[in-house]
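**Q** These protein sequences, in sequence, are chains A and B.
Numbering-wise (full-length UniProt numbering), the first sequence opens with residue 1 and increments by one.
Numbering-wise (full-length UniProt numbering), the second sequence opens with residue 1 and increments by one.
Hints in this document: simulated from the structure, not taken from any laboratory.
There's no promise every hint is true.
Heads up, the list lumps identical chains together, so a pair's fine if it works in one copy or across two of them.
For lysine to aspartate or glutamate, the following DMTMM-like pairs were computed, each having C-alpha atoms within a straight-line distance of at most 20 Å [claimed, not checked]: (1) Lys-166 to Asp-110; (2) Lys-44 to Glu-339; (3) Lys-43 to Asp-368; (4) Lys-43 to Glu-253.
There are 2 protein chains.
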Amino acid sequence: MSHLQQSFTVRFAYNVFFTEKLFDTANPLLADFFVQQASETRKKILVVIDSGVTETHPDLLTTINTYFAQHTDVVELVPDLLVIPGGEVAKNNPAFVEQIVDAVDRYGIDRHSYVVAIGGGSILDMVGYAAAISHRGIRHIRIPTTVLSQNDSGIGVKNSVNYRGKKNFLGTFAPPVAVFNDSDFLLTLDDRDWRAGISEAVKVALIKDARFFEWIEANAEALAARDMATMAYLIHRCAQMHLDHIAGGDPFEMGSSRPLDFGHWSAHKLEQLTNFELRHGEAVAIGIALDSLYSQQLGWLTGVDTDRILKTLRTLGFSLYQAMLDADKSAGIVKGLAEFREHLGGQLTIMLLEGIGKGVEVHEIDTDKVRQSIATLKEQEQSAQLV
Amino acid sequence: MSHLQQSFTVRFAYNVFFTEKLFDTANPLLADFFVQQASETRKKILVVIDSGVTETHPDLLTTINTYFAQHTDVVELVPDLLVIPGGEVAKNNPAFVEQIVDAVDRYGIDRHSYVVAIGGGSILDMVGYAAAISHRGIRHIRIPTTVLSQNDSGIGVKNSVNYRGKKNFLGTFAPPVAVFNDSDFLLTLDDRDWRAGISEAVKVALIKDARFFEWIEANAEALAARDMATMAYLIHRCAQMHLDHIAGGDPFEMGSSRPLDFGHWSAHKLEQLTNFELRHGEAVAIGIALDSLYSQQLGWLTGVDTDRILKTLRTLGFSLYQAMLDADKSAGIVKGLAEFREHLGGQLTIMLLEGIGKGVEVHEIDTDKVRQSIATLKEQEQSAQLV
Ligand SMILES: NC(=O)c1ccc[n+]([C@@H]2O[C@H](COP(=O)([O-])OP(=O)(O)OC[C@H]3O[C@@H](n4cnc5c(N)ncnc54)[C@H](O)[C@@H]3O)[C@@H](O)[C@H]2O)c1
Ligand SMILES: NC(=O)c1ccc[n+]([C@@H]2O[C@H](COP(=O)([O-])OP(=O)(O)OC[C@H]3O[C@@H](n4cnc5c(N)ncnc54)[C@H](O)[C@@H]3O)[C@@H](O)[C@H]2O)c1
Ligand SMILES: [Zn+2]
Ligand SMILES: [Zn+2]
Chain A
1 MSHLQQSFTV RFAYNVFFTE KLFDTANPLL ADFFVQQASE TRKKILVVID SGVTETHPDL
61 LTTINTYFAQ HTDVVELVPD LLVIPGGEVA KNNPAFVEQI VDAVDRYGID RHSYVVAIGG
121 GSILDMVGYA AAISHRGIRH IRIPTTVLSQ NDSGIGVKNS VNYRGKKNFL GTFAPPVAVF
181 NDSDFLLTLD DRDWRAGISE AVKVALIKDA RFFEWIEANA EALAARDMAT MAYLIHRCAQ
241 MHLDHIAGGD PFEMGSSRPL DFGHWSAHKL EQLTNFELRH GEAVAIGIAL DSLYSQQLGW
301 LTGVDTDRIL KTLRTLGFSL YQAMLDADKS AGIVKGLAEF REHLGGQLTI MLLEGIGKGV
361 EVHEIDTDKV RQSIATLKEQ EQSAQLV
Chain B
1 MSHLQQSFTV RFAYNVFFTE KLFDTANPLL ADFFVQQASE TRKKILVVID SGVTETHPDL
61 LTTINTYFAQ HTDVVELVPD LLVIPGGEVA KNNPAFVEQI VDAVDRYGID RHSYVVAIGG
121 GSILDMVGYA AAISHRGIRH IRIPTTVLSQ NDSGIGVKNS VNYRGKKNFL GTFAPPVAVF
181 NDSDFLLTLD DRDWRAGISE AVKVALIKDA RFFEWIEANA EALAARDMAT MAYLIHRCAQ
241 MHLDHIAGGD PFEMGSSRPL DFGHWSAHKL EQLTNFELRH GEAVAIGIAL DSLYSQQLGW
301 LTGVDTDRIL KTLRTLGFSL YQAMLDADKS AGIVKGLAEF REHLGGQLTI MLLEGIGKGV
361 EVHEIDTDKV RQSIATLKEQ EQSAQLV
C-alpha cells in the first residue's frame with residue numbers, strides 16, 4: 001500500500017555562563033536566568049549536589065538556601081537539597097537515579113520545573129540522566145565543579161550512568177537549558193582532578209587548533225602551578241571548541257560522525273583495566289601520548305612535534321606510563337580497539353595526527369605499532385627515573 | 001564574566017508504511033528498508049514481540065525467522081526472539097526493560113543496530129523506552145498491532161513506562177526510524193481493543209476536521225461490524241493527522257504547546273479509578289462525551305451536534321457512562337483536572353469544542369458544569385436501559 005512521511009527539526013539552545021561566586025546574593029546571574037524564562041507560574045527547583053563539593057564548601061547549603069530565599073517571587077526551591085556521593089560511584093548505583101526520580105515525584109517537579117545539578121562530571125551525568133527520563137525530560141541546569149566538567153563533559157549534550165559495571169551503558173542525548181561555570185569551585189579540587197581536565201584541552205587543541213596547543217605548551221607550568229587566570233582561559237577556549245564541534249556536526253550522533261575522541265580508545269580501556277583508579281583525564285593523557293607516537297611511526301608527525309606533545313603533558317604533571325599498558329603483552333589495551341568500535345557501532349574509526357592541530361581519521365590500527373608506542377613510553381619513563 | 005551561546009537543530013525523519021503480511025517472504029517492504037539504510041556492515045536486529053500477538057498468531061515466530069533467513073546478506077537476526085507479556089503489565093514491571101537492556105548487552109546491539117518491537121501500544125512504549133536509553137538511543141522500529149497503536153501511539157515520538165504505579169512517569173521523546181502498519185494483525189484483536197482505538201480518530205476529527213467526523217459518523221456501523229477497508233481508511237487518515245500535528249507543532253513538547261488531547265483529562269483519571277479495567281480508548285470515548293456536553297453547556301456546541309457526537313460513539317459500540325464517574329460525588333474525576341495540569345506542567349489547559357471540527361483551548365473548568373455533564377450521561381444511560 002502507501003506510506004506517510006514524517007520529518008521535522010527540533011531546535012536546542014542554551015548558554016554556558018562563566019562567573020564567580022554564583023550563589024553570592026550580590027551575583028544576579030542565576031536569578032536573572034529564571035526571570036527571563038517565560039512562565040505563568042513560579043518555577044520549582046530541585047537541587048542535587050556532589051558530596052565532594054559540600055565537604056569542601058561547608059557553607060554551600062546555607063548559601064544556596066539564602067540565595068533562593070531572596071528570589072521567592074520567581075523561584076520556589078524544593079526544601080530538600082539532595083547531597084549524593086561524588087565520583088564514579090554516583091553512576092554505578094541505580095539507587096541514586098531512583099532517589100532523584102522519587103524526589104521529582106514527591107515534590108511535583110513537572111516539565112516546567114528545573115533540576116539543578118552541582119558537581120563533577122559523574123554527578124552531572126547521573127542527574128542529567130534522571131532528569132531526562134523523568135516525565136520524558138525535565139529542564140536541566142548544570143553547575144560543573146571540576147575542570148573536566150567545565151570544559152567538556154558538563155557543557156555538552158550527553159548524560160549517562162553505568163549498568164552492571166558497564167560504563168555509560170544507559171543514557172540519553174539531552175541538552176541542558178543552561179550551564180553555569182563558577183571558577184571558585186575549582187579552588188578546592190585536589191591536584192589530580194585539577195590536572196585531569198586539562199588533557200581534554202590538549203586533545204582538542206592537537207586535532208583542531210595548533211595555536212591553542214602552542215598556548216598550552218607555553219602555559220603548561222602556570223597551569224601545573226594552578227594559576228587561576230590561565231586555567232580560566234583554557235576552560236573558556238576548550239568549552240568553545242567543544243560546543244562548536246557539537247553544533248557543527250551531528251549533535252546526537254545519529255549518523256556515523258564522531259565525537260572529539262582523540263586518544264580515547266586506549267583511555268577507556270585503561271580506566272577499566274585500572275578499575276577506575278586512573279582518572280579519565282589521566283588516562284586520556286596517556287592515550288594522547290600513545291596515538292601521537294603511533295602517528296609518528298606512520299611518518300605523519302615529526303619527532304620534534306611528538307616530543308613537544310609528550311613534554312607538554314609531562315610539564316602539566318601527567319605520568320605517561322601505566323603498568324596496565326603491559327597487561328597480557330598489551331592484549332589488554334589492544335582489546336580496547338574492538339570495544340571502542342562496538343561502543344560507537346559500525347566500523348572502527350580512530351583519530352590520529354597529521355601534524356599539531358591536524359586530526360585525521362583512520363579505520364585500521366596496526367597492533368604491533370601500538371605495542372611499539374607502549375614500549376617507547378615505558379623506556380622513556382625508565383630513563384626518566386634513572387636521571 | 002562572559003557566556004558562550006550554543007544552538008543547533010536536529011532533524012528527525014521516518015516513514016509510516018501501510019502493508020499486509022509484512023513477514024510474508026513475498027513482501028519485500030521490510031527487507032528493502034534495511035537495504036536502503038546506509039551501512040558498512042550487516043545490520044544486527046533484536047526483535048521483541050507482544051505475547052498477545054504470538055498467542056493469536058502461533059506461526060509468527062517461525063514466519064519471522066524464515067523471513068530474515070532469506071535476507072542474511074543484509075541483516076543478522078539475533079537468535080533469540082523475545083516474547084513479553086502484552087498489555088499494561090509490560091509497562092508496570094521494570095524487569096521487562098532490564099530484559100531488553102540485557103539482550104542489547106548480550107548480543108552486542110550497538111547504535112548502528114536495530115531494535116524491532118511488534119505489539120500493542122504498551123509493548124511499543126516499553127521497548128521504545130528500553131531502546132532509547134540503551135547506548136544513548138538505539139535505532140528503533142515499531143510494528144504496531146492494535147488500532148490504537150497503528151493510528152496514534154505507535155506512530156508518534158513518545159515512549160514510556162510506569163514507575164511505582166505512576167502511569168508514564170519515565171520516558172523519553174525518541175522518534176522511531178520506521179513504522180510498519182500491517183493490517184492483518186488487527187484481525188485477531190478482541191472487540192474491545194478493535195473499538196478502543198477508534199476513539200482517537202473521533203477525537204482528532206472533532207477538533208480538526210469536520211469532514212472526517214462526518215465520514216466516521218456515516219461509517220460507524222461498518223466500523224462496529226469490523227469492516228476492514230473502512231478501518232484501513234480510518235487508521236490512515238488518523239495517522240496522517242497525528243503526524244501533521246507533531247511536525248507542525250512542538251514535537252518534543254518543550255514549550256507550552258499541547259498534544260492532541262481532547263477528552264483526555266477525565267479519561268486518564270477514569271483509567272486510574274477503574275484500575276485500568278477500562279481501556280484507554282474506552283475512557284477517551286467517555287471523556288469526549290463529557291467535554292462535548294460541557295461545550296454544549298457553554299453554548300459553543302449545538303444540541304444537534306452534541307447528539308451527533310454521542311450517537312456516533314454509541315453506534316461504534318462505546319458505553320458512555322461508567323460508575324466511577326460518580327465516585328465521591330465526582331470528586332474522583334474532578335481531581336483529574338489538577339493531575340492533568342501537573343502531568344504536563346504549567347497552567348491548566350483543556351481542549352473544548354466550538355463546533356464539530358473546531359477545537360479551542362480554555363484554562364478554567366467549572367466543576368459544577370462537569371458534574372452536570374456526568375448527570376446527563378447517567379440519565380441517558382438509564383433511559384436507554386428502560387427502552
Ligand atoms: N557526558 C559527557 O559527555 C562526558 C564526557 C567526558 C566524561 N564524562 C564523565 O565524567 C565523569 C568524570 O567527571 P570528573 O572528572 O568531573 O570527575 P568526578 O565527577 O568523578 O569527580 C571527581 C571527584 O571530585 C570531587 N569534586 C567535584 N567537584 C569538586 C570540587 N569543586 N572540589 C573538590 N572536590 C570536588 C567529586 O566528589 C569526586 O570525588 C566520568 O564518569 C566520565 O564518564 C562525561
Ligand atoms: N506513546 C504514545 O504516544 C501513546 C499514546 C497513547 C497511548 N499510549 C499507550 O498505549 C498503551 C495502550 O496500547 P493499546 O491500546 O495498543 O493496548 P495494549 O498494548 O495494552 O494491548 C492490549 C491487548 O491486546 C493484545 N494484542 C496486541 N496486539 C494484538 C493482536 N494483533 N491480536 C490480538 N491481541 C493483541 C495485547 O497483548 C494486550 O493484551 C497504553 O499504555 C497507553 O499509555 C501511548
Ligand atoms: Zn574525554
Ligand atoms: Zn489517547
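**Q** Next, verify each hint and record whether it holds.
**A** Evaluated hints:
no.	hint	verdict
1	Lys-166 to Asp-110	between (30 Å within a copy, 14 Å between copies)
2	Lys-44 to Glu-339	between (42 Å within a copy, 17 Å between copies)
3	Lys-43 to Asp-368	neither (58 Å within a copy, 30 Å between copies)
4	Lys-43 to Glu-253	between (32 Å within a copy, 17 Å between copies)
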